[in-house]
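Novice: Listed here are the chains, written in short residue letters.
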Amino acid sequence: MIAEIGHFALILALGLSLCLAVVPAWGAWRRNVAAMALAPGLAIGMLVFVSISFACLATVFLQDDFSVALVANHSNSLLPDIYKFSAVWGNHEGSLLLWVLILALWTAAVAVFSSQLPLVMLARVLSVMGGVGVGFLSFSLLTSNPFARLLPGAPADGSDLNPLLQDPGLIIHPPLLYMGYVGFSVAFAFAIAALLGGRLDAAWARWSRPWTNIAWAFLSLGIMLGSWWAYYELGWGGWWFWDPVENASFMPWLAGTALVHSLAVTEKRGLFKSWTVLLAIFAFSLSLLGTFMVRSGVLTSVHAFATDPARGMYILVFLGIVVGGSLTLYALRAPAVSSRVGFAWVSRETLLLANNVVFLVATLTVLFGTLFPLIMDALGFGKYSVGPPYFNAVFVPLMALLTPFMGLGPLSRWKQDSGARWQRELLVPALVALGCAVTLPWLGGGFNLWVALAVLLAAWLVVGLARDVIIRVKRVGDLGRGLRRLAPSYWGMVLAHLGFAMALIGIVATSQYSIEHDLKMTPGDTETLAGYEFRFVALEQKRGPNYLASEAQFEVSQGGEVIARLAPQKRRYLAGGSMMTEAAIDPGLFRDLYVAMGEPVGSDGGWAIRLHYKPMVRWMWLGAIFMALGGFATVADRRYRQQRGARTAPEVAHAGAA
Amino acid sequence: MHPVRKQRLYLVLFLVAFSSIAIGLVVYGLRGNINLFFPPAEVAAGKAPLGQSIRVGGMVVDGSIQRSEHNLEVRFELTDYAATVPVIYEGILPDLFDEGQGAVASGQLNADGVLVASEVLAKHDENYMPPEVAEALERSGASPGGNSK
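The listed protein sequences correspond, in order, to chains A and B.
Residue numbers 1 to 658, in the UniProt record's numbering, belong to the letters of the first sequence in order.
Residue numbers 1 to 149, in the UniProt record's numbering, belong to the letters of the second sequence in order.
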């Protein structure tokens with residue numbers, strides 16, 4: 001019964017999204033105020049019905065209703081309740097419903113928080129989002145109905161959730177990632193609405209900027225959680241594999257980063273307008289492409305839940321419509337919205353242009369590496385795979401190229417700056433950075449050229465930022481007042497750039513200084529790694545709620561003193577009989593100690609053991625958190641709030657003028 | 001030259017220079033870092049190059065896994081039911097690696113026709129089969145034990 005209610009609510013949501021896609025757009029075209037004014041109500045209605053549907057699906061999971069095929073295939077009565085709930089999106093159909101739910105959330109959020117927009121703009125934006133909703137709701141209903149029943153022949157118990165997904169990280173990773181992915185649909189909808197209306201100005205950029213920043217911040221958090229999960233859950237201690245599915249989430253992030261910066265130029269200076277629109281289309285198209293790659297089963301991955309050509313075909317066609325349609329619209333309308341404002345070479349605009357070029361090229365090279373195997377396969381040239389060395393060889397130099405510009409950016413002035421001023425301002429940061437680069441790597445256990453380079457770039461960035469903050473505060477005279485005077489959007493930038501510097505240091509230091517040792521150990525054995533003594537104390541059998549585990553107990557000591565007890569496990573899940581490695585980690589700001597079990601080796605009770613010493617690995621996730629915080633902080637800026645106060649102008653008049 | 005046009009010229013020059021760097025990096029990155037998939041039948045037929053990074057995938061032959069007593073060396077055989085390829089690997093195998101299951105090993109073929117693997121991948125869950133393996137099995141006309149779903 002509950003499943004049927006959920007199914008019915010989903011159909012109603014599709015009906016509402018159809019109305020939302022058509023009626024307000026028609027209203028905007030015919031200048032029909034009544035039709036346009038329906039948009040916010042329809043958007044909220046869509047959210048209500050998608051939420052009902054989602055709640056129904058969660059309920060059947062929690063009630064162990066194994067007559068629903070999805071529950072039977074992805075849950076089990078032994079599963080703890082929290083994982084029964086997260087199992088809702090631990091599968092293709094349910095994760096698609098989550099996609100739709102988050103789309104409905106964003107749409108309703110735009111409807112609620114954008115009442116200061118001219119009605120005609122709001123109607124167009126919501127209508128584009130309704131169109132995206134139609135695409136995904138019909139995809140869900142036609143090819144992947146989450147409420148399909150297994151009648152007759154409902155099994156007595158379910159076949160369990162993939163053990164890899166039974167993890168707290170996986171409860172929040174997909175929702176955050178989707179908040180980012182789907183959030184770019186708002187930027188996309190604003191871009192399309194601007195193209196339709198021919199109105200692309202600083203006001204447009206100001207409207208779409210906070211949405212883009214929030215989406216970008218969520219995507220940063222989602223990617224970070226994915227990387228963190230891979231690190232502690234996959235059991236081999238890596239944190240980024242350049243796996244096509246990781247790339248699928250990374251490409252919209254790269255394009256989104258470019259978009260966030262080019263929106264800044266469009267808002268402040270009215271430049272790069274058509275470029276910004278193109279980036280918005282590009283970022284959302286990459287989100288769709290990611291969804292296609294992940295959901296169509298063309299990839300071998302933990303994320304590819306099932307292979308079904310019909311689903312792949314559907315998303316491919318949908319992607320074609322979105323990309324083709326919006327690019328056609330762009331080709332028709334972009335010339336009308338381009339700008340004729342100039343800027344000098346030595347200016348902040350140039351630096352942001354450099355940012356955009358680097359991020360776009362980075363996106364394209366990652367896209368190329370990701371699609372290369374698919375294209376070669378489709379053309380019949382054989383099954384290739386492109387590994388991490390390619391991505392590292394391409395990506396690392398690009399980011400190294402980016403950082404010098406990044407250090408200059410905050411100090412530079414819009415429109416026209418002077419090279420002499422840059423030299424004056426930057427001599428100190430350059431010298432300090434050089435000093436850090438020569439000295440700091442020694443702390444990490446020996447001089448290393450790559451680490452020195454990373455420190456050089458990161459220090460250049462951080463010292464430049466600090467100096468800029470100091471200069472700004474000095475201008476006010478008083479420290480407390482000066483710090484408060486700085487706008488949240490400025491703090492957002494500082495945080496995000498600091499985050500980038502932290503991530504840079506973390507990634508390079510952990511790649512260069514990590515010590516990894518795979519070996520056979522029997523209880524009683526001791527192994528020394530980077531000055532830490534790992535003693536295999538005992539092997540024990542444990543029982544969890546839905547698994548049996550062999551647990552290796554380790555004592556880690558440094559200088560004769562025990563500093564940590566680690567207990568990695570090898571689990572056998574009862575329902576599916578599948579094996580799972582549960583790594584044990586002693587975390588630290590400056591180093592992680594990581595122990596994982598492989599398989600039993602030899603006849604003397606020995607095990608294959610993985611011992612890792614990973615310095616500063618946490619810095620890259622901390623950096624990602626800083627970047628996300630920066631993205632969120634910008635939204636608190638006064639100029640977005642002021643607008644909200646100044647929405648007294650009659651909306652119909654705006655509609656007429658636009 | 002008109003300043004705006006001059007600026008545009010510089011911009012174009014910059015873009016050209018930058019894209020050439022990027023393309024150079026891509027070509028450099030691709031060289032030697034891509035590897036081709038071979039089903040065991042093609043390896044047995046001598047179609048796979050020696051001493052070059054390749055991937056071989058198939059089912060792990062029942063009873064073929066041999067572990068060393070002292071270290072992490074493992075030997076096993078991969079089959080597509082038309083031919084088998086012996087594999088040597090030193091390290092920790094993935095959780096779902098098992099006899100009678102699909103796996104993909106990447107590494108280099110040595111002169112004895114043994115694949116010295118640097119990485120072994122298994123499927124990620126019960127129902128899932130790497131697409132290359134499924135196709136290789138299909139081509140050799142054998143029905144796989146654990147069907148891809």
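Bear in mind the hints are in silico, worked out from the structure with no lab data behind them.
Be a bit skeptical, because a hint or two may be false.
[Said to hold, decoys possible] The following label-pair restraints were derived from C-beta to C-beta distances: (1) A/G577 <-> B/G24: 43 to 53 Å; (2) A/F8 <-> B/A17: 57 to 67 Å; (3) B/P49 <-> A/T439: 41 to 51 Å; (4) A/R638 <-> B/R5: 52 to 62 Å; (5) A/G605 <-> B/Q52: 36 to 46 Å; (6) B/G24 <-> A/P168: 36 to 46 Å.
[Claimed, not checked] The calculated lysine-lysine pairs, modelled on BS3-like cross-linking and capped at a C-alpha distance of 30 Å, are: (7) A/K383 <-> A/K268; (8) A/K383 <-> B/K47; (9) A/K542 <-> A/K268; (10) A/K268 <-> B/K6; (11) A/K383 <-> A/K474; (12) A/K415 <-> B/K6.
[Claimed, not checked] So, partial list: chain A residues that the calculated Cβ filter (under 7 Å) puts toward chain B: (13) R333; (14) A334; (15) V361; (16) G380; (17) T581; (18) V601; (19) A608; (20) R639; (21) Y640.
Here a beta-carbon is modelled for each residue, glycine too, at the ideal position from N, C-alpha and C.
Novice: It remains to establish, for every hint, whether it holds in the given structure.
Specialist: Each hint, compared with the structure:
About 50 Å separates the C-beta atoms of A/G577 and B/G24, a value consistent with the hinted range of 43 to 53 Å. For A/F8 paired with B/A17, a C-beta distance near 59 Å keeps the hint of 57 to 67 Å intact. Taken as a hint, the range 41 to 51 Å holds for the pair B/P49 and A/T439, whose Cβ atoms sit roughly 48 Å apart. The hint said 52 to 62 Å for the Cβ distance between A/R638 and B/R5, and at roughly 40 Å that hint is violated.
Distance hint check for A/G605 and B/Q52: the Cβ-Cβ separation is about 40 Å, which falls inside the suggested range of 36 to 46 Å. Between B/G24 and A/P168 the Cβ separation comes to about 44 Å, which falls inside the hinted range of 36 to 46 Å. For the hint linking A/K383 to A/K268, the alpha-carbon distance of about 48 Å lies beyond 30 Å, and the restraint is violated. A hinted pair counts as satisfied when its Cα atoms are at most 30 Å apart, and A/K383 with B/K47 qualifies at roughly 14 Å.
Only pairs whose Cα atoms come within 30 Å are accepted, and A/K542 paired with A/K268 is rejected, the gap being roughly 61 Å. Pair hint A/K268 plus B/K6 holds up; C-alpha atoms about 24 Å apart against a cutoff of 30 Å. Restraint check: the Cα-Cα separation between A/K383 and A/K474 comes to about 61 Å, which exceeds 30 Å; the hinted pair is violated. Only pairs whose Cα atoms come within 30 Å are accepted, and A/K415 paired with B/K6 is accepted, the gap being roughly 17 Å.
At a threshold of 7 Å, the smallest CB-CB gap from A/R333 to chain B is about 22 Å, leaving the interface hint violated. About 17 Å separates the beta-carbon of A/A334 from the nearest beta-carbon of chain B, more than 7 Å, and the hint is not met. Here the hint on A/V361 is kept, as its CB sits about 5 Å from the closest CB of chain B, short of 7 Å. Here the hint on A/G380 is broken, as its CB sits about 12 Å from the closest CB of chain B, past 7 Å.
Interface restraint check for A/T581: the shortest CB-CB distance to chain B comes to about 6 Å, inside 7 Å, so the restraint holds. At its closest, the beta carbon of A/V601 sits 6 Å from a beta carbon of chain B; the interface hint therefore holds under the 7 Å criterion. A cut of 7 Å between beta carbons decides the hint on A/A608: the least distance to chain B is about 5 Å, and the hint holds. Here the hint on A/R639 is broken, as its CB sits about 30 Å from the closest CB of chain B, past 7 Å.
The closest approach between the C-beta of A/Y640 and any C-beta of chain B is roughly 32 Å, which is over the 7 Å cut-off, so the hint fails.
Comparing the model with each earlier hint shows violations of hints 4, 7, 9, 11, 13, 14, 16, 20 and 21; every other hint is respected.
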